[in-house]
Every structure is written in structure tokens, then in C-alpha cells.
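Add chains V and X to chain U, keeping to what the hints say.
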Amino acid sequence: MLRRAIPVLAIAVVVSALVAAGCKPPDTGVTGPTPGATGPVAKGKAPTPGVPAVPAELKYPDKYECIFDADCKWLEGEAQKEMNSALSRFAEIDVVYAHNDPSAHGAFMAAQQEGKGREKTIKFIGIDANPDEGLRYIREGVLSVTFDYQTGAAEGIKAAVRILAAEKLPQNITLGTKIITPDNIEQGGEYVPPDAREGWETVDVLDKGPLPKLPKAKYVIGYSQCNLGEPWRIRMNAELQKAAEAHPALELMMKDAQNKTETQQSQVREFITQKVDLIIISPKEAGPLTAPVKEAMDAEIPVIVLDRKVEGEDYTCFIGGDNVMIGRLAGNWVREQFPDGAKIVELKGLMTSTPAGERHQGFLEGLNAIGPGGAAPAPTAGGPTESKTETGPTPAETKKTG
Amino acid sequence: MPDNEAVAPPEEPPPELPLSSARRVLVFLGQNRGITALLAVMLAGVLFTPQPKATAPFAVAMIQKVTGTGEPGGEGPPLFLTGNLHSSVLYEYAEYGILATGMTLVILTGGIDLSVGSVLGMAAMLFCWLHIAKGYPAGAALLGGVGIGAICGYANGWLVSRLGLQPFVATLAMMVAARGVAKVISGGAKISPGAFGWYHIQGGDPAFMAWMTYPTFGGFLRPVTVLFVVTIATVALVVKYTRFGRHLYAIGGNEEAARLSGVPVGASKTLAYVLCGALSGLAGVCNASRMMLGDPEAGSTYELDAIAAVVIGGTSLAGGRGSMVFTVLGTLIIGYINKILSINAVAEAYRLLAKGLIIVIAVVIQGRQKAK
Amino acid sequence: MAGSPLLEMRGIDKWFGGVHAVSDVSFDVRAGEVHALVGENGAGKSTLVRVLSGAVSADAGEIVLGGKTLRLRSPRDAERAGIAMIHQELSLCPNMTVAENTALGSEPTGPLRLLSYKRMNDHAAQLLDQLNLPLDVNRPVETFNIATQQMIEVAKVLARDAKLIVMDEPTSALTEDETDRLFRIIRDLRERGVGLVYITHRMEEIYELADRVTVMRDARWIGTANAADLPPSQLIEWMVGRRIETLFPKRDVTLGEEVLAVRNATLTAPDGTGRLLVDHVSLGVRAGEILGLGGLRGSGNSELLGTVFGQFGSAGSAEITLRGRRVEIRSPAQALANGIALLTNDRKTTGLVLSMSVLHNMTLASLGRMGPPGLISPGREVTEAGPLRDRLAVKAASLDIEVSSLSGGNQQKVALAKWLMTEPDVLLLDEPTRGVDVGAKAEIYQLMNDLAASGKAIMLITSELPELVEMSDRILVFHRGAVTAELRGDDMTQEKVMAAAMSEVAHHA
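Protein chains in written order, with this note's numbering: chain U, 1 to 402; chain V, 1001 to 1372; chain X, 2001 to 2509.
With the rest of the complex left out, here is chain U (with noise of 0.2 Å):
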């Protein structure tokens, strides 16, 4: 009788031994950037190149403590349940960092449904911007902040003009971002340029000059997208079609890969059998699509690679944006509305993914006041030493709008 009993027992035991191990208090080192591998929903990418190396153990300065954190992989109703054993556990949370903002807004339906009106004092910060989603967040007041993740469309096709009327373009391009705030919504946001690092330029080599005229009357562009079941990659076609409007002798033939590499590959290979003038790819996974790309340059076809990289060097133009300077833009506003400290709920991203660990390490960036590209003292116990010793700048400095 006992011996049955004891199998039962150690379900007890074990998951007592797992939480035991796995909880650690929330303060999660990080190691510079973390291997891409894609999630679900996940919008993978490339480590970015050119990266300072961070000190070894980044965590989270004292005076702000993060005192919950959870994987919610993108998804709003995993945050929804997160969010919900934080607020059981704590009474006081200052500020929820989610890594995106349906993760945002599932926190704050969180909050609104305890039934006690945290919602209205804490502050949410959510990432990406869409405008039928983030964008109606501010508006709502769901959200303090958001940050831009632009998807690129729009310079995609100014750098597609520029390659078109034979200029040469730095192979990798990355974007800027938005600081959006329910007071500059209507301005349309702070546009804060990239970082400067090795190896990239900025988005304003677009704007070096104006925009060349295009020899030819018509001009055919491949446009391959890994799928469209993400909300962000739809608003990245509508704002690519957009933009192609404005040249009326672009034509844009897109193609869908429904999120399967095998069908990218030959999607890109019908491109170069079509003698398109220009591709457009946002690859699934950069390893497989490397080859095709290679073939369409041998082919003399231009390629442009959106928001996720290939490998090697074989293409025309790298656009995308960056990760770890939205994180540490949302680091450097919680230290800006919270001088004197604030406890911090971080709703993460898909870890596996490469874009949550970026988001995640440029946050601890930000908080410790580390700027691109340079180190800040090392965090000791107690003090402020961030404002005096910050190097780069910091969204209040630059102002100029996208």
C-alpha cells in the first residue's frame, strides 16, 4: 500500500524540487546576444554585428529591482496569467516591461480584472508599434510607452530606387526607432536614430541626396515574405505597398512562403527565372535561403534582405532594426520616470528567439546606464552614478521626427 503511495509522492516531490531550482531570484544574467532560434510568433533575427561586448554579468541595478519575470513567448494570454501571479504575489509593482504589445495589453487586462485599480498606477511599456494594436494602446491609455519596431518596408523601397538607378548602398542598414507617448502620438512620435556600430550604417544614408530618377519605365520587384500570419508582417506589406506606390514604375509581386523555408526557396528561384529587376526577401531562416540569394546575385539580380539575415555576404542591402537600442530606450525612460527607483515585472519575449534576448539585455543596458558602445562603471551597492557618467545619446536629446 505504501509502495503505491510512493510514486504519488514523488509528483509532489519533484515539482517541489523543480521550483526550488528554477526559482532564482528574477535577476537573470545575461551574456551578450543570444542564439537566434525562431519561436511561434517569433520575429528572429540575426545577432546583430558590431555589438560592444557587454561586461560578463549585466543584471538589474539595485534601485531598480525586477521582482517578477516570466517567458510569456510573445503571446498576450500567457502574459494575461503571468501578470496575474505577479500582482497575487506583490503589492507594489511600479512598471511591467513587456517585450511586445499584445503581451502589454494582456498584463493590463490582467491588472483591470484583479478588480483593485492597479492598472491606472502602473505603467505599461509594450514594443512594436502597430498602428491598429500599440499605436490604439497609447491612444487608450493602456500603454505609457512604445517603442517602434519598424519593419523597414518603407526604406526598403527608397534603398530599392537608389540600387535600381545604380548607386551603391553599405551592404547593412539598420533603422531607427520611435519613442511613442500618449503626449506625441499625434506628432507621430520621437524618432530616435540607430546606434552607430561597426560594420552598419545608418538609415539616413537614404536621404543623401534626393532620390535618383529611375532610367527605365517599369521596373519588376520580387517581394517573398516568410508568412503573413503575423500581425507586424501584415503591416509591413501594407506599408510596403504603400511606399512602391509612390513610384509608379515599381511593380511589386509578392509572395507568400507561408512560413515554410522549402517554399521560399523556390519562390525566390522563380524570381530569378522570371528575370525580375530586384528581389525583396524577409527570409524564414537565414542558413537555407542563404543559397538562393547567392543565386539571384550571380544572376545579377539585386537582393534586398528585410528584417532577417542571411548568411555571408552575398547580398546587395541588409535592412532591419534593432533590438537592443529599443530595449535600452525603455530602460532609459523607466530610469527617467522613476529616478528614485521602481520594482520592475519583465514580460518576456520567446527566450529562444533572438529578439527577446536582445530586448531583454538592452533593458539592463539602459538601466545601468550603459550607452552604445561604451561601458558605464560597474554597478556598485547603493548611489546614483548613472546621470553623471552616460555616454551616447538619450531620447531627450535627439529630436527629429521619421
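Mixed in with the good hints there might be a few duds.
As the list claims (entries may be wrong) - For lysine-lysine, the following PhoX-like pairs were computed, each having C-alpha atoms within a straight-line distance of at most 20 Å:
#	chain 1	residue 1	chain 2	residue 2
1	V	Lys1065	V	Lys1134
2	V	Lys1183	U	Lys260
3	V	Lys1183	U	Lys255
It is worth saying that the hints were derived from the structure and are not from the lab. Computed from a predicted model, the values in this text were never measured in an experiment.
Relative to the frame of chain U, chains V and X by itself:
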């Protein structure tokens, strides 16, 4: 095949020893593994949730107090003993419970339904599209959500009983297809009040959804939870007191013998899948209410939790044995385990490990129970 | 070569639980001999042969092959000793080629211990050559028909250098020509000194092929003789001869009108060969009559009952008339609706749902009557089941325990109770007393008589000849899917039944 058969055990049961009440409790627990497991999980909850304002789990904090190490700071009973936590679990896992209810019906026949998560998502989308976007009254939209779930269930049932496909294969296909439909309904975007200018409901919380998620009953239970309880109670009655319910057990126990006893095997199986689909649709409506919007990704990977809830509760995957009571236990176990892991902010990797191990242990226990 | 004992089994004893399956049997086979092993269902020959092939181990006795005492703990041991068993269900791998199958388990390797396909194919071709079988050794086995597959199995067995081959009813699925071919191969093997044990029910085969014949009955060895010296009547007497027990109740038979008439019942075999398991059988049963269907396993009697009950769906067809009314029966549900019930011969696979309780098993076929439409009233179930349990004297601690924990005999009673609860007009019983102890058997016989007396029509199949002969008012004997004899009155003897069951007699339309 030998003509002579082994003779089964003797006809009188062995004489029973008189038992002390302590031993009788142990016997009861041994024979009712589901209850024992739930008690074990709740014990773990008491020991391993922290007190308010503390970080260390309660047991660790107590040890620290006794040995004088560690930081003080927690006051009061561990969070597991607060009503708020239980109200949360019952709220968040009501939709899993409804899924598990439908899944139990299908598993009783010896089949399985992998599409419940996708059907949940599809129904959530349809419900929101009808109610939020198109402005139909909530009742009609609810019927729409449940209805489309039932249609998917019928398709599953047809594939399994008419075409004779393996349930795993048929419902796997439906899982993919339903998720596709969920994304097509709005082109992949979420449907929430005011998302687009042409939506009928702009801003604010739709009244029906607010009502579903408001702690109406004694400030503790939400209508979603009550819906789960009512649903599973109804289905339990159906399974116990209708011919259909009896047929399910017979089919799962020995399909050929059931057929030869006049049981309408094909029709019963199909009806089981239809009900499972309809309940998935209902869970979709609950999910949409909880999130106040329709998410095309809603319900993804929920089918695994639903199956785990059924299996951990004690229903056999082979079919023919089990009950709704088991499913309630299983849902609670899964819900509490998830909650304990979440409250303690356990890292994702450890969570997956924990859940995997628990499922294995639960099935091993079951297996030994069957080996008689 | 012929004449020296190749195999000797001495004093073999085997118990299965409480049943004595083989009782002190001694049996020998000479090299270069075909030795037929004969007995009715349940005589013990299958068990004896399983002991020989290593599938089960004997409780007592020894096996000596070629002078060496064997210790057989597994079929592999037997194989290595040179004993090969060819079952009715062939043990070939359908998707592998002929050569791969013959080499299975002992594949030849070339340099580097890699499979040598050349050696495999050559070896296979050699074997087939010896059997005069020109086949393409590279074709997958499943592309050949059953008869050829059987011969491939023989080749496979030869590849293992078998000295003794046991064949269990090898011709049950073969046509006449294929049987001839098989016999040629068997004779060939005999020439080469292989010892063959040949199990069969078919008289014509025994006398065509066998050198010696051994008969078993009721787990005992009855006799061994040269086939040439053993007249068929003696063979049958050995198989059947026993004192007729007096446990069968007497009854007065008053027959009513014809309740069930079956015309042109046919059942096509599911293996795609087009073979008929039931070959245009017609019969009729009257109210109050117990019609016995004699015949050995596979003869078509069980299959006929199944066809009448709609068990086989569209594979079977029959024109069925109930009390003068034509009815369509294509499924068990329809049969039940028309008042026909079938107690199958295998309660574990087709009779009971072992995971359900005794009560639920009993009511499974009568759920329509257990409450308002669609619903079940547990109280009603108990009120219906209780009396039946008492009537059949089912020994179970309660109605709610799982039926799998009952003894075999009590399980059988539960199955019977299920069908009685449906209150059928026509009761089809296939081995109703299988696994039931003597006392309970008497109860069941009395029950059958009572049912007949109350006007039901009963068809009875039983492999216990005394039971068949004593309980039936009339007997139809089946062989190879058709009725070979109709026996009444004084003609209903065990010997006549067995003779008809084993021979091909011109059947009437």
C-alpha cells in the same frame, strides 16, 4: 490458438482483513490516485509558494526562520492559502477544463482529438468577428462559435468513423486546417474593440465579455468558472445516464463486442467528436472573453494540456475507462501545478521539465494500476 | 532411413491452470515419414505441438530428437535443434523479398560483415529449385498468392535445415491444384529423410498422404497405426468413442411452425481470393427446435451463424425470412431489432467488454429498454439483471465488479445473460458451454430446453460431440462451407457426425 484456456482466478474474493482507519485512508488514497495526486499538488502548493512580500518559498522561509539564516520579510500565510490564488486558477483554467471535458468523451472511445486548441482559436475569432466586428448580439455570436466547433467535430467524426482514418491523423489534419481558418477570418490580425474603424464595437469592453470575467459570485467565482462547472456536470450526467454515454464506454472497451451487441459504433463516435468540437468552441468563447479580443493564435498547444489533464486525472488513453470526475481532478492538478510554477517565476526550461516529468509519473502510476 | 525414430516425445504432460491439456502422451516420428496427428477440437494436439515447437514448456515428460534429449525453452531453441513449425498464419514478412525471408535470422554476410545479397539470392534460388518452384527470389513475398507463400514458408523452413517439420492444417486455404503441389513437395521432403507431422481434419488427406496416424482425444493418446492398416471407421471411433454421459436432460419436443428460414447464405473470405467460407447454404429452424450445426473449425458453421446475424456486413449475404416475413439483415443492430441473438464463440474478443462491470455487460444489448428513450435508469438495470444472474447462477461478488475478474465459466454466463435479456425469438449459440464447468453445463442445458419449450428457435454449435448429439433435435454437418449431411433420430451419432465433418460428400442445393 489453443483450445484450452487458462482458468481465471477463483470465484470467491479473498477474505478481507479488518483495517484500522489510518490504513483505510491509505487504501482509499491508493485506489483513487487522482485525489491523491491533487492532494500532493496542493501540499506542494502550500509548501512552495512564498508569503506575500517574500521571495523564498514558504517551506524554505520556515527553515530559514528556524535556523536563523536568510532575510526575513514575509508576513502571513503562504499565498497558496489565499482565496485570490484559487480564484485565479479556477478562472484561468476553466477553458482548459472545458476542452478536457470534450477530450474525455473522445478518449473514452479510444480515440483522441488533437484539434481542440486550433478549434478554440477559430471559435474565438469567429465569436469576436460576429460580435465585435459585425455587431451581432452576444448570444448569436456564442452560438456561432459553438456551432463552428461542432462542424469541425463532425468533420473529425466523419473522417474517423466513415473513412476509418486513425483519430490521431484525422484530428492532426483538422488542427492545421482550423488554425488556418482562424487566421483567415481577419487576415491574421486580432479582433478587438476599436481595432478597425468599421468594427461595430469601438472601444471599451463588450458587455458580455466583461460580465463573463467579472467575479460575480461571492466576489470569488467568475461566470466562466461556473460555466465550466455546469458544463462538466452536465456532460457527466450524460455519460452516466444515457445510452450514448454507455455506448462510449463499450466502444472504448471492446469495439467489436460493442458492435456485435448492436451498439451504433460509427454514429456514437461521430457524436463524441461533435461534442468535443462544440465544447472547444465554447472554450474559445471563454478565451475571447478572458482576453477581451480574438487572437488567431489563441489556444495553440492547449490540446496537450487538455490531454494531460484527462490522463493525469486517471482516464485511460486506451479507452473504455475513466470519468468526468477524473477530468475535474486532472484539470485542477494541471492548473495548480502551472500556477505554482508561475507564482514562483520558475524559468521556462524548468517548467517544461516539471510538466513532462509529472505526466510521465502520472501515466506510470496509472499503468501499474491497470496491470492486474 | 525410414524406420529409425527421429523424434520421440515421452510422457508429455501439460496443465493450463486447472485444465489438463495434455495427459501423459507419447508420440514418435520417424525420419522420412509423414505422420498425421488427428483429433477433434480440444483433443490436445495443438498443445502437444506447441510443446514440440518450444512455444510452451511441458510440465512433465521429455523430447528426444535424433537421440539427443532436448531442452526447449523457446521457439528459437526448437529451431536450432532442427524443429520447424508452419502455422496456419504464415510467418513471412510481406514486404520483404523471397530471398530475404528465407534468410531471415541467419542472413549471410560477405567481407566486412555486410549483408551479401548475392549469397542470399543464390541460396534462396537453390532451395526453391529443390522444391521445383521457379520463382523470382527478388520479388516481395506479398505479391504471391497464399499457396505460393506457403511454399515459400516451406523453403524458409528448409533453409534452416529442419529435420522435423510440423504443419498445422496447411490446406485450409488452398485449392485442389495448390494442394496437389503442396503434397508433391511433402513427398519430396519425405524422400529426403525429413520427418513431417501433419495436422488435419480431412480424411481424404490422411489417407492420401500419411504413413502413420496418431489419434488424440480428451488430452490422451488413443492410438497409432499405419494408415494402410487403419480403416476410416476405426479412425473415427478412436476420435470419438466415449461413453455417452447421462447428464443431458430429457425433453418432449413439440415443434411449431418455421420461425427462421435462410436461403442461399454466402460469405466471401476477406483475403481477396474469392473463396467462399459459406457456400450457398439454406436451412430452416422451427419454433421449439434445437438445430445443431456440426463441423470442425473453419467448416463454415460458425460463419453461417455470423452471416445470419449480419456480423460480416457486405461480405456476407442471405435471404432471411422470419415467421414468413422477409427481412434485411446487414448489421448486428438489425438482427437484434428482428429478434435474433448470437452468442459468439470467443467471449474475450467479441463477446464481452472486459473493462465494464457485470451489470453493464448484461444490459449492453438491451439498453433501449432500460429507461425513457435515450436514457438509462440504473435501478431498472439492476431489476432486469438480478433475476438473470440468479437464473444462470452467475457467481460474482456483486454486479458492479469488472467482468474481467470473473472466472471463464462465469464470464460465459454473463455473455449468455446479455443475449437472454434481449428476449430473442431466434437464439444462435456458438460454443455456449466453452470453459464452463460440469455443474454449470447442466444448468445451461436445462436452460436451453426451457427456452426451446417456450417456443424459441435455437441453433447450436458445439465442438463437444456428445453435447451436440444429445441436445439437438436435428443436425446439419458442415464441411468446407457447405452442408454435407443432415442427421435425424437414430442417425445422430457422434461417429456419423465426425465422418460427415471430415469428408467431402456431394452436397445438395
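Taking only the CA atoms, is the gap from Lys1065 of chain V to Lys1134 of chain V under or equal to 20 Å? Not OK: Lys1065 of chain V and Lys1134 of chain V at ~59 Å, beyond 20 Å, violated.
Tell me if the straight-line CA distance from Lys1183 of chain V to Lys260 of chain U falls inside 20 Å. Measuring from Cα to Cα gives roughly 16 Å; hence the hint holds.
Is the hinted pair Lys1183 of chain V and Lys255 of chain U satisfied, with a Cα-Cα distance of at most 20 Å? 17 Å, holds
Hint violations for this structure: number 1 only, all remaining hints satisfied.
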